[in-house]
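**Q** As a plain string of letters, each chain reads:
Number of protein chains: 2
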Amino acid sequence: MNMLNERDPFFPAQLESLYPAYEGERTFRFAEPPDHFFLESGVPLGPVTINYQTYGRLSSAGNNAIYIAHALTGGSLVGEPPRPEKERGWWEPLVGPGRAFDTDRYFVICSNLLGGCYGTTGPSSLDPKRGQHYGMNFPVVTIKDMVRAQKRLLDHLGVKELVAAAGGSMGGMQALEWAAMYPHMVGSAIAVACSGRFSPIGIAFNQAARRAIMSDPAWQKGRYYGRDFPHEGLSLARIIATITYRSNESFERRFGRALQRAAETHPFAFFEPFAVESYLDHQGEKLTRRFDPNTYLYLSKAMDLHDLGRGCTSFEGALRRIRSKVFLMGISSDILFYPREVRGLGVEMRRCGVDARYEELQSPHGHDAFLIEFQQMENYIRSCLDEVENQ
Amino acid sequence: MNMLNERDPFFPAQLESLYPAYEGERTFRFAEPPDHFFLESGVPLGPVTINYQTYGRLSSAGNNAIYIAHALTGGSLVGEPPRPEKERGWWEPLVGPGRAFDTDRYFVICSNLLGGCYGTTGPSSLDPKRGQHYGMNFPVVTIKDMVRAQKRLLDHLGVKELVAAAGGSMGGMQALEWAAMYPHMVGSAIAVACSGRFSPIGIAFNQAARRAIMSDPAWQKGRYYGRDFPHEGLSLARIIATITYRSNESFERRFGRALQRAAETHPFAFFEPFAVESYLDHQGEKLTRRFDPNTYLYLSKAMDLHDLGRGCTSFEGALRRIRSKVFLMGISSDILFYPREVRGLGVEMRRCGVDARYEELQSPHGHDAFLIEFQQMENYIRSCLDEVENQ
Chain A
1 MNMLNERDPF FPAQLESLYP AYEGERTFRF AEPPDHFFLE SGVPLGPVTI
51 NYQTYGRLSS AGNNAIYIAH ALTGGSLVGE PPRPEKERGW WEPLVGPGRA
101 FDTDRYFVIC SNLLGGCYGT TGPSSLDPKR GQHYGMNFPV VTIKDMVRAQ
151 KRLLDHLGVK ELVAAAGGSM GGMQALEWAA MYPHMVGSAI AVACSGRFSP
201 IGIAFNQAAR RAIMSDPAWQ KGRYYGRDFP HEGLSLARII ATITYRSNES
251 FERRFGRALQ RAAETHPFAF FEPFAVESYL DHQGEKLTRR FDPNTYLYLS
301 KAMDLHDLGR GCTSFEGALR RIRSKVFLMG ISSDILFYPR EVRGLGVEMR
351 RCGVDARYEE LQSPHGHDAF LIEFQQMENY IRSCLDEVEN Q
Chain B
1001 MNMLNERDPF FPAQLESLYP AYEGERTFRF AEPPDHFFLE SGVPLGPVTI
1051 NYQTYGRLSS AGNNAIYIAH ALTGGSLVGE PPRPEKERGW WEPLVGPGRA
1101 FDTDRYFVIC SNLLGGCYGT TGPSSLDPKR GQHYGMNFPV VTIKDMVRAQ
1151 KRLLDHLGVK ELVAAAGGSM GGMQALEWAA MYPHMVGSAI AVACSGRFSP
1201 IGIAFNQAAR RAIMSDPAWQ KGRYYGRDFP HEGLSLARII ATITYRSNES
1251 FERRFGRALQ RAAETHPFAF FEPFAVESYL DHQGEKLTRR FDPNTYLYLS
1301 KAMDLHDLGR GCTSFEGALR RIRSKVFLMG ISSDILFYPR EVRGLGVEMR
1351 RCGVDARYEE LQSPHGHDAF LIEFQQMENY IRSCLDEVEN Q
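Taken in sequence, the protein lines are chains A and B.
Letter by letter, the first sequence follows residues 1 to 391 in this note's numbering.
Letter by letter, the second sequence follows residues 1001 to 1391 in this note's numbering.
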């Protein structure tokens, strides 16, 4: 089903190595024909493959599980890889025996989200009906769809209760949807640097990134599989996004106004880059070696559509459904999800009767601090889980 | 010299109407061969044409002049057009008889900046040596070069002293350079929403915009004159920039999360735009009807290179040269020039002995508030000029 596992010869060479087949890698497949997985839009999708990783053991009562949701370009490898690999999980310092998400106590699950390109069904997957890659024929998926697919996986694994649903950025959006959509199953949501509905400026930055991809002549309306890869478009999309993941303070500390090759040239050459430009070019280049452009389009669209209130009577109505504790964390220098926005969500939640707590991570690194400031994250997550266990 | 005035048949049709020949429009030409205008880089340029507008009358002592500098995509039309036109000047509510820049008292000059595409020599001009448009053969110009060219214009007009050099954004950068480069000629600098040296995050956003232009296959390394216009690239550059000129609060107020065609469709269509997306698409489209992409590259590069301290012993050394009053204004919601950055420049200036004052414009509209919040701007400018006159 998913060409990344199957080493589809038509998949761009750039992406072949992005998803090494870990021994511990597992997939769950559902909605086999004639069954379907109906999306929030009403569109049927199937079959659906979910790529996932687990850490620790599920208790016999099925009530010691924690679901961790990844962000836009992440994957299911959240902790240590099943066998020693160069690549570490994206929250590896937080997941493992004795760590904040203590796998001696908890059964931790992370899956590549619906629409992804790391083993879960998405636009780069083969559409069995057409016998070719979905591309832009893939239906729009939402954060709610992702969470519903994750629920199917957890049912399959025998999980009855979640001690916590956790994540940062787009992962935090999923954690909040878990609390709103499955109030009786979820003990807590730990949501870092995210919001209850995506902001218009966030939509705007995503629009610019998508337009960069779709402007690349190689994009070919999404039919680039087996042809030229829209390298420039995806690079530029990543550059735009990376600026919003950092902050001027972090760029000041790291690069300032230094030129990349200060001693060799004078600053008046048009193509003489500042160090910050070289850094961003490199970040753009890096993503093209590991990510599918159509997936970028669909997952950023899912972010744009993120709104806890859709399908409920109102946004407040969605908040009032929540029964679990909600632990919110804003990042002091975040320019994509302003800390005041995250704090404001906490205020709104408490007004709706939710047991919501807000804390602010102090960091100069901007939005990406949730992937950098592990000590502060660890302290917060430990205190959250203590609070859930001791209630 | 400049094809926009001369209706060069090779210039893209999009741009033909961008610069209607006002009756009051004037040009000044200097650095005629064998003379040259030597740029900060040491590269000679010439001849140089400066397109400018003036308002009011110069006193016989030549000491009642105010120079107003425009921002990235502006032109010399700052006040009322010489004859009734649809287009108004970009600071028209501030410039005129009895207005903040009172043309009954002051002789106001505004010129299209060096490197521009509205009548002043820039990359879209014909290079007389090669007999074709400069394109990427145009030399890198800096804010200091722009100010030095403006000084040549003012000498030509008989201006001996400037009561003020004023501007917002890139115009503010020029105002500050006026104070630092010609300390004995300038009575005050009124600089809104700008900095003493451009920030790394500002460079980063400009890099993304430039890359959008240069990624457009129609850009052709700058040789698009008379051929396909890099429409998509310039649109995307403008979209990226416009996001940074606004703020989430302004987008929230105006668009929120509304869809462009709310009633007609459901939100799950991939290409169904949010209202904020349609707005930005429109802004991108609009610029392509009035601006030259190579000019965008060069002027944004000049912003990146903006550093009052370059060529001085240090940044502090440049500030210590200033003899004039400096009136700084930050904008509360600006995400391109954070108000704390502008305020910080004021602190640094006072530490260097400069008579610097800081005020904050309160607005939800972000960076572009300097083109929107005319009442607050007027109050501030009036108080600044009063202070200069009454010293």
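Be aware that a few hints might be false.
[Stated by the list, open to error] To give a feel for the contact side, a few chain A residues facing chain B, derived at Cβ under 10 Å:
(1) P139
(2) P200
(3) G202
(4) I243
(5) E272
(6) E277
(7) R343
(8) V347
(9) I372
[To be verified] Here chain A is said to cover these stretches of chain B; the calculated rule only asks that three of the stretch's residues, wherever they fall, bring their Cβ under 8 Å from a Cβ of chain A:
(10) 1130-1144
(11) 1174-1185
(12) 1194-1200
(13) 1243-1249
(14) 1297-1308
[As the list claims (entries may be wrong)] Among chain B residues calculated to face chain A with C-beta under 7 Å, some are:
(15) F1037
(16) S1041
(17) P1044
(18) D1228
(19) E1232
(20) I1239
(21) I1240
(22) F1255
(23) F1270
(24) F1271
(25) E1277
(26) S1278
Honestly, the hints are just simulated from the structure, not real lab data.
Heads up, the beta-carbon is just placed ideally off N, CA and C, and yes, glycines get one too.
**Q** Taking the numbered hints from earlier one at a time, note which ones the structure violates and give those numbers from smallest to largest.
**A** Hints 7, 8, 9, 11, 15, 17, 18, 24 and 26 are the ones this structure does not satisfy, whereas the remaining hints hold.
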